[in-house]
Every structure is written in C-alpha cells, then in structure tokens.
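There are 6 protein chains.
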Amino acid sequence: MADISDKGVTQRVAIAGGRIRIGREAFNLLSEGRLPKGDPLAMAEIAGIQAAKQTPTLLPLCHPISLNRVMVHSVLRPQDHSVELYCVAEIAEKTGVEMEALTGLSVALLTIWDLTKPVNAALEITNTRLIYKSGGKRGTWIHPDGIPDEVEAILAELE
Amino acid sequence: MADISDKGVTQRVAIAGGRIRIGREAFNLLSEGRLPKGDPLAMAEIAGIQAAKQTPTLLPLCHPISLNRVMVHSVLRPQDHSVELYCVAEIAEKTGVEMEALTGLSVALLTIWDLTKPVNAALEITNTRLIYKSGGKRGTWIHPDGIPDEVEAILAELE
Amino acid sequence: MADISDKGVTQRVAIAGGRIRIGREAFNLLSEGRLPKGDPLAMAEIAGIQAAKQTPTLLPLCHPISLNRVMVHSVLRPQDHSVELYCVAEIAEKTGVEMEALTGLSVALLTIWDLTKPVNAALEITNTRLIYKSGGKRGTWIHPDGIPDEVEAILAELE
Amino acid sequence: MADISDKGVTQRVAIAGGRIRIGREAFNLLSEGRLPKGDPLAMAEIAGIQAAKQTPTLLPLCHPISLNRVMVHSVLRPQDHSVELYCVAEIAEKTGVEMEALTGLSVALLTIWDLTKPVNAALEITNTRLIYKSGGKRGTWIHPDGIPDEVEAILAELE
Amino acid sequence: MADISDKGVTQRVAIAGGRIRIGREAFNLLSEGRLPKGDPLAMAEIAGIQAAKQTPTLLPLCHPISLNRVMVHSVLRPQDHSVELYCVAEIAEKTGVEMEALTGLSVALLTIWDLTKPVNAALEITNTRLIYKSGGKRGTWIHPDGIPDEVEAILAELE
Amino acid sequence: MADISDKGVTQRVAIAGGRIRIGREAFNLLSEGRLPKGDPLAMAEIAGIQAAKQTPTLLPLCHPISLNRVMVHSVLRPQDHSVELYCVAEIAEKTGVEMEALTGLSVALLTIWDLTKPVNAALEITNTRLIYKSGGKRGTWIHPDGIPDEVEAILAELE
Numbered sequence: 059m060a061d062i063s064d065k066g067v068t069q070r071v072a073i074a075g076g077r078i079r080i081g082r083e084a085f086n087l088l089s090e091g092r093l094p095k096g097d098p099l100a101m102a103e104i105a106g107i108q109a110a111k112q113t114p115t116l117l118p119l120c121h122p123i124s125l126n127r128v129m130v131h132s133v134l135r136p137q138d139h140s141v142e143l144y145c146v147a148e149i150a151e152k153t154g155v156e157m158e159a160l161t162g163l164s165v166a167l168l169t170i171w172d173l174t175k176p177v178n179a180a181l182e183i184t185n186t187r188l189i190y191k192s193g194g195k196r197g198t199w200i201h202p203d204g205i206p207d208e209v210e211a212i213l214a215e216l217e
Numbered sequence: 059m060a061d062i063s064d065k066g067v068t069q070r071v072a073i074a075g076g077r078i079r080i081g082r083e084a085f086n087l088l089s090e091g092r093l094p095k096g097d098p099l100a101m102a103e104i105a106g107i108q109a110a111k112q113t114p115t116l117l118p119l120c121h122p123i124s125l126n127r128v129m130v131h132s133v134l135r136p137q138d139h140s141v142e143l144y145c146v147a148e149i150a151e152k153t154g155v156e157m158e159a160l161t162g163l164s165v166a167l168l169t170i171w172d173l174t175k176p177v178n179a180a181l182e183i184t185n186t187r188l189i190y191k192s193g194g195k196r197g198t199w200i201h202p203d204g205i206p207d208e209v210e211a212i213l214a215e216l217e
Numbered sequence: 059m060a061d062i063s064d065k066g067v068t069q070r071v072a073i074a075g076g077r078i079r080i081g082r083e084a085f086n087l088l089s090e091g092r093l094p095k096g097d098p099l100a101m102a103e104i105a106g107i108q109a110a111k112q113t114p115t116l117l118p119l120c121h122p123i124s125l126n127r128v129m130v131h132s133v134l135r136p137q138d139h140s141v142e143l144y145c146v147a148e149i150a151e152k153t154g155v156e157m158e159a160l161t162g163l164s165v166a167l168l169t170i171w172d173l174t175k176p177v178n179a180a181l182e183i184t185n186t187r188l189i190y191k192s193g194g195k196r197g198t199w200i201h202p203d204g205i206p207d208e209v210e211a212i213l214a215e216l217e
Numbered sequence: 059m060a061d062i063s064d065k066g067v068t069q070r071v072a073i074a075g076g077r078i079r080i081g082r083e084a085f086n087l088l089s090e091g092r093l094p095k096g097d098p099l100a101m102a103e104i105a106g107i108q109a110a111k112q113t114p115t116l117l118p119l120c121h122p123i124s125l126n127r128v129m130v131h132s133v134l135r136p137q138d139h140s141v142e143l144y145c146v147a148e149i150a151e152k153t154g155v156e157m158e159a160l161t162g163l164s165v166a167l168l169t170i171w172d173l174t175k176p177v178n179a180a181l182e183i184t185n186t187r188l189i190y191k192s193g194g195k196r197g198t199w200i201h202p203d204g205i206p207d208e209v210e211a212i213l214a215e216l217e
Numbered sequence: 059m060a061d062i063s064d065k066g067v068t069q070r071v072a073i074a075g076g077r078i079r080i081g082r083e084a085f086n087l088l089s090e091g092r093l094p095k096g097d098p099l100a101m102a103e104i105a106g107i108q109a110a111k112q113t114p115t116l117l118p119l120c121h122p123i124s125l126n127r128v129m130v131h132s133v134l135r136p137q138d139h140s141v142e143l144y145c146v147a148e149i150a151e152k153t154g155v156e157m158e159a160l161t162g163l164s165v166a167l168l169t170i171w172d173l174t175k176p177v178n179a180a181l182e183i184t185n186t187r188l189i190y191k192s193g194g195k196r197g198t199w200i201h202p203d204g205i206p207d208e209v210e211a212i213l214a215e216l217e
Numbered sequence: 059m060a061d062i063s064d065k066g067v068t069q070r071v072a073i074a075g076g077r078i079r080i081g082r083e084a085f086n087l088l089s090e091g092r093l094p095k096g097d098p099l100a101m102a103e104i105a106g107i108q109a110a111k112q113t114p115t116l117l118p119l120c121h122p123i124s125l126n127r128v129m130v131h132s133v134l135r136p137q138d139h140s141v142e143l144y145c146v147a148e149i150a151e152k153t154g155v156e157m158e159a160l161t162g163l164s165v166a167l168l169t170i171w172d173l174t175k176p177v178n179a180a181l182e183i184t185n186t187r188l189i190y191k192s193g194g195k196r197g198t199w200i201h202p203d204g205i206p207d208e209v210e211a212i213l214a215e216l217e
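Protein chains in written order, with my numbering: chain A, 59 to 217; chain B, 59 to 217; chain C, 59 to 217; chain D, 59 to 217; chain E, 59 to 217; chain F, 59 to 217.
Among the clues, some could well be false.
A pair counts as met if it fits within one copy or between any two copies, since identical chains are not told apart.
Here are the simulated DMTMM-like pairs of lysine to aspartate or glutamate, each with C-alpha atoms no more than 20 Å apart in a straight line [unchecked claim]:
#, residue 1, residue 2
1, Lys175, Asp97
2, Lys95, Asp61
3, Lys95, Asp207
4, Lys152, Asp61
5, Lys175, Asp203
6, Lys152, Asp207
7, Lys152, Glu208
8, Lys95, Glu215
9, Lys175, Asp61
10, Lys175, Asp207
11, Lys152, Glu83
12, Lys95, Glu210
13, Lys175, Glu217
14, Lys152, Glu142
Everything labelled a hint here was simulated from the structure, so no lab data went into it.
So here's chain A without its partners, still in its complex pose:
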C-alpha cells in the first residue's frame, strides 16, 4: 500500500462500464422477467453496491475508504443481446475511487452471469473499462472513446 498521508482530500467520482453478452434466449427471458432464479438486474445492483464496499478486502493494495455513494445502472442492449452496466462510486478521500467502481461493476456483472447461466453457459463479459473520473490532483479524465449517453445522464444527475 502506497503512502497517502500527504495527499489532499478532494471530492472524487469514478464511473466504470462493462457488458455481458447473454444470447438471444436468456435476453428474452430477462427482458420479460421470466428467468428462473429471480430478477438479475435488481440483484446485480445490490451485489455491486456490497462488493464496492469490499474493495480493500479483495484488492491487496487498496486502502480502506469511506464511500459516500455507490450506484449501479443497467441498460438492455437488444442489438447484441447484452446488458451494459455502469457503476458510479463517489468519495471524499485522499485516494482515487476507480477500483471501487470497477469492483462493484465486476461483481454486478458476475451476478447477472450467475442468474442467466442455467439458460446459457457460453456467456461473455467484455468491454470493462473506466469511463470517467474526477477529483485528485490530475483533475477530470475521460476515456478516449468518450462518454456514452447514459453516462452523460448519470453525470448530469450527480451535479
């Protein structure tokens, strides 16, 4: 763990995004709320929030921090039978909050996996990336691919 005692406290936000391809059959069942083990999106949201709080337990070099807010948003993508998730994490601490957003996102995606795997074993998680971060001495950073519309809407709501 790096020393963070000289860093200043600023408000920091990080947004991570990622996608799980579940195939036509599972996509239709999920859209219609007919998956046998329950609603994956509601459960993914809670599991993602809980996992973001466990980040320092999971990642050896992450500091224990006091998260101000964690949110998980989901978007159904019929074009490729996938679900896109965004995880927003916000703190007022000396260190960044990317890993918390990415950990919440990854566990939320795995929760969808767990609930759709009875229908399809050949699932795939792709495109896990940091989309946006603000705060800290380097200021705001935006992924080279830009910010998806849904994340623009989340950011507008945060302000």
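Go by the hints and put chains B, C, D, E and F onto chain A.
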C-alpha cells in the same frame, strides 16, 4: 439460493479465462518487472485465490462451499499487449464451481488493473468466459471456441 | 464452540418468523412501491440470504456450515401496518440451523427498518421466534403457538 | 446508497433497546451463571460490538463509517424472565448511526438466544426499538414512550 | 492452494501454545480483574474462536473448512508475569487443522495485548508453537519438548 | 470500545517486529526459492497487508480505521535459521495503530509457517514486540531494547 439437498456429490472442475489489455508501455514495464507498485502477476494470483473463497459472500445466490483447489495462471500476450489469466477451481460438492472460477479470475484481473493504472488509465478487461467445466449431472462442457493450448496443459496436469 | 464430531449428519430445516411495525404512512408508501430508497422487500430478501451465510462470523459459538438453501418470505399485514418476514434455512450437517434462520430473519427486518426510517423513526421489531425445526436427534419441533398459514404453505412447497 | 457528500460532520449518538424472553428455567440458570455454554451476557456484549462494526457489510444501503464507540448494556428483568439489552453507538460522521446501534443490539440478542436455546426452544425477541438519537440536522430525537431509567444513566455517563 | 481431492476424511485435532509477557504491574491488575478495558482472558477466548474460523480468509493457501470445535485455554504464570494460551482446533476434513489452532492462538494473544497495552507498551509474545496434532496419514505428532501438563489435561478431556 | 471522540487527529506510525525459527533445512530451501508451495516472503507480505486491514474484525475493542500505509519487510537470519519480519502501519486517526502493525506481523509470520510446515513441524514464533510508535499525545516511544538497524533504515525512508 436454490435447494441443492438432493444433488449428488461429484468431483467438479471449472476453468475461466479473461484478458486485460494494458498497452505497450505498461506491458513492457510489466514484462521487465519494473512496474512501480510491485509484481502484478504474483499479487494477482494470491488475490484471485483469496477472492474465489469469498464467492458466496459476493454473489447472493452462491452457496458456501469447500474448495479443494484454486489456481491462477497468467500468459503474457505481446501481440496485443495484454495478459491472459486462467482460473481453475475444483470442489467435491453438490453445486457447480463456475462462479468461484469466474470470481477468482475477475479479482485477479482487477489486481493487475490496480498495479498498472499508474501507467495507463485506459485499460480494458475483455473476453471473460467459462472455458471448461466437468462433473455434475450434465458432465463435461467445453466452450464453443474450444480450449486454448495453455488450458490443455493445465488439464493434462490436473489428471 | 461445542464438539460436534460425534453427531450424525441429517437433513435439517428451521423456519424463523418476526414482524416490523412501520406505521400507516410508511406502510402505504411501501405497499404502493413509493418509498424513496427503493423496494425494501426485495432488498430484505437478498440481505437476509447474505446474512444467514455470515452466521458463524456473527455468533461466537456457531459452527461454519454449508447451507443448502435460504429463503426469505414477506407478508404485508394491513391490520397493524406491519410486515411479517419468514426465513427458511436448510442444511445437511451435524448441527442445527436455527441460528442461521434467525440471523437471516433479523438482518432482513433491519433492512426494512433502514429503508423505512426516513418516513418513521418510531419503528418496532417484535415477535421474533423460531416457528419450526426438523432433523437432528430430537426430530421435529413446532412452536407452542402453532404454525401460521403462510408457513404451512412454505413447508408444503419444501416437501 | 444515498449521496452524503454535502452533509456536515457532527457528533452523533444512537441508543437502541430490545428484549429477549427466555422463560423461568433459563432465566434462573442465567442469573446463577449455570448455563452450559458459558456466560451469555459477556459474550453478547462482545458479539454486539463486533456486529455493529459489520453493519455496512450486512445492510446494503449503509455506508462504511468509523465508529467512535460501541457499548452493550444488559438488564435482567425477573418480572417476565427476560433480558433487556441496550446498544449505544457513537460516531463523528456525515450519516446517522441508528442502524449500527440496532445491528449491534440484534446480534447481541441472538447471541443470548444461541446460549439459552439448549434449555428453551420457545424464546422470543420483542420490543426492538430506537430509544434516542442525537446529532445530524434534525437534532435530538426521543422515542414517544420516553427514555427508560437505565438509558438515562447511560446518557448521563456519556456527557 | 494444494489439491486435496484425493485425501481421505479423518478426525483431526491440533493444539497450539504461546505466551505473552505482560510485566509485573499488568500481571497483578489482570490477576485481580482490575484492567481498565475489561477481562482480557474472557475476551481473548471469544476472539480466538472467531479468528480460527477466519483462517482461510487470512492465510492465502488455507482451504475453507468446517471446524467441529475450537477452544482457548489460559494459564497465568506468576513466575515470569506471563499468560500462556492454548488453542485446540478439531475437524473431520481432508486437510490439517494446525493453522486454525495457530491463528486462533495468535489472535487470542493479540487480544490480551490490546487490553494490557494501556499499562505496559513493552509486551512480548514468545514461544508460539504447535504442541500436538493427530489424524491425517502421518498420525499423531508431538512437539520434541513434549506436552505440558495443562495440555495433557485438555487431551484427557477430549477423549 | 473506548470513546475516542475527544482525541485529536495526528499522524501516527507503529512498527512491530517478530521472528519465526524454521530450522536449517527449511531455511536453506527458502533461501534458494525451492519450497514446494511457493515463495513465503512474497506471500507473507500480501497476507500481512490484508490482515492489518482486518484488525477491527479480529480484535473486539479495535476501532475501524483508515490505514494510510502498511508495509511488511523481511530479513533472513542465517545465524539461527530464522526469518525476522517487520510490519509498519501508518494512519491519520484519533487512535493508535500498534494493533494493526501487530496483526499484520502475526498473520505474515503465520503465512511463512503455513508454507514451511511441509518441511518442519517444530517451527516457533518468538520475539513479537512493538519496536516504535509515534504520534498521539504521548509522542514517540521506542522499545527498551532500542531499534534494530533494519528498522532505522525503514524510518529513514518514511521521513
């Protein structure tokens, strides 16, 4: 959590794979052991093993199980400046072990992220998939894309 | 922790019940799905399942066990503006599973508290009791007050 | 998890109370220190303190916070063969501390359950309520039923 | 984590011992029950039991196992103002249980440290060793220094 | 848990040291990197960092705190076939950080035990002590035996 009391106990293995693209600069530093926060591959291996044991804490519908073995293997891929990780999980229990392999894999990939992000913020995790599972009433399942050579070697060693 | 090495392994079920009085206003908002922080019943179900798995971490003398199944059921009671929860836990182990059912129940009730407290601070949890347990050398036990109709339905479904 | 970044930091105290009815036989054994598995009150105190620290792990929407103090007090009530527990939690944070007091209380009560159940299966936890909270923008709140004498004594000691 | 799938299930016991030197003043206060933060021996016993259950979370290569029993015994040693602790762990599993006994012991010793440090900062933990283990393919093993009388008494009680 | 709400926030450092005697054979294997289960020193470092973060979960009266930094250093001692470990913990909080340094140290030593026990069962952990602490109202404290050279080097680096 689904009822598993009527399921039989069989030996089960699951292998999950996934990839993190880290870019040319971080890839070179990692290959040469010069990343500032330590060796990501050694740390990813331990973090992945520890996370696989936390699967029922992280995923709401996963049962607490007694893992017989967890392993994390890494392969450097200079062709696209990525690291491919494989996580093997093995149990003698009534339920499958895919989610343990996938959870170990995901946290191992995030550990590499955490140690390479000082060099490159635009990292990407892709191709997270179940490659192989055996045991249970459905028997052995292999991903439609087949089994990579490294996983063939792991399977040969398991037997 | 008591020694359990000589006990036999049998299938065991425990069902615990308890009630949270939330008052007219919160009850109406909950019934209509209009509580500001989300759906307490869905969240209570997941939090209860997760907490049941944490029982040996929380209660000093509880053994680590492999739960086969945990379920949380909720019943709205307009007559006293309360929510009754039932938590079912099932194992094939040497020790009883009452404390797992009671821990899942208690945390599920606290989750409803957390989501209704913005509307009403004077909440009350009452009537937390073991309703039913089966398995073990003493066989089936039923609470002196008998089994509520909802629990009869749960038991019928379990068989 | 709600956003708390704009809230001010104030000193906050919450006191929760609850009761477990254990019946004449278990009450006498407990009073005389003759319960087979050890002293439930000493163990309940430690389990309650440990559980209060786990509140954000157990309740999905609770923020990770730095507790300044947690205490568990017990009062034997021969009139109805019950034990009344009070849990006090104190922080200097932006969010309230009720859920920490209630979680510590609930797990302390369950610990007494676990140690008295060899004597009596028909135990009951009742009257779990928030008695007092101070700090935050709404200031001090007192339960409509007022403050029991034991809690007055605790509050006098806190000042 | 090593593969344990081919190992047979046997009853296994491990006993670890260790000592904390606390100095004359703290030893007298402890013996007379006058340490300011409570009774270290009672608290050490509970903390040790809880920690033994966390062994696979703390030690990377330890398997999750179902402990049948954990006990912590303490012996006051006026001759060198120390407290000797013994931790007994018992399982019916495929792997050994030494690390569980040693982890329970170490955290029990640290708990005594935490409660005596207001009186003496120059504490010392010494002599942490495995005293006895039975079960597994190698059978019973006894430390070259033999078995202390207190441990003989514990073993007599176990049979 | 003692009340810490009136204490001031200062920068605090604690350094704990301890030693594990592993015997000639295991020492030679470890020095040459030939122990069968992997490199104990690398694994001990990570396990120690992770355990220091778990201190409030393990020790009943420890407050949840935000560690700024944890480090584990190892020194091979051929003279007595032992490994000496030092654990440094640093916070900006109201309470001391000794227990975090000692918990990280103890679990790091146990990790070395776990990896060397296939070679030698008669291991021993000795000399666990607090070497140095700074910050807090009592200022800097140094163990009566003074500061080993390796710790001087660590302190020089911290400044």
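Okay, the hints, checked on the actual structure:
no.: 1; hint: Lys175 with Asp97; in the structure: within (13 Å within a copy, 26 Å between copies)
no.: 2; hint: Lys95 with Asp61; in the structure: between (44 Å within a copy, 11 Å between copies)
no.: 3; hint: Lys95 with Asp207; in the structure: neither (31 Å within a copy, 25 Å between copies)
no.: 4; hint: Lys152 with Asp61; in the structure: both (10 Å within a copy, 18 Å between copies)
no.: 5; hint: Lys175 with Asp203; in the structure: between (31 Å within a copy, 17 Å between copies)
no.: 6; hint: Lys152 with Asp207; in the structure: neither (29 Å within a copy, 32 Å between copies)
no.: 7; hint: Lys152 with Glu208; in the structure: neither (28 Å within a copy, 29 Å between copies)
no.: 8; hint: Lys95 with Glu215; in the structure: between (32 Å within a copy, 16 Å between copies)
no.: 9; hint: Lys175 with Asp61; in the structure: between (42 Å within a copy, 16 Å between copies)
no.: 10; hint: Lys175 with Asp207; in the structure: neither (29 Å within a copy, 25 Å between copies)
no.: 11; hint: Lys152 with Glu83; in the structure: neither (45 Å within a copy, 27 Å between copies)
no.: 12; hint: Lys95 with Glu210; in the structure: neither (32 Å within a copy, 23 Å between copies)
no.: 13; hint: Lys175 with Glu217; in the structure: neither (38 Å within a copy, 26 Å between copies)
no.: 14; hint: Lys152 with Glu142; in the structure: neither (30 Å within a copy, 32 Å between copies)
Hint check: violations occur at hints 3, 6, 7, 10, 11, 12, 13 and 14; the rest are consistent with the structure.
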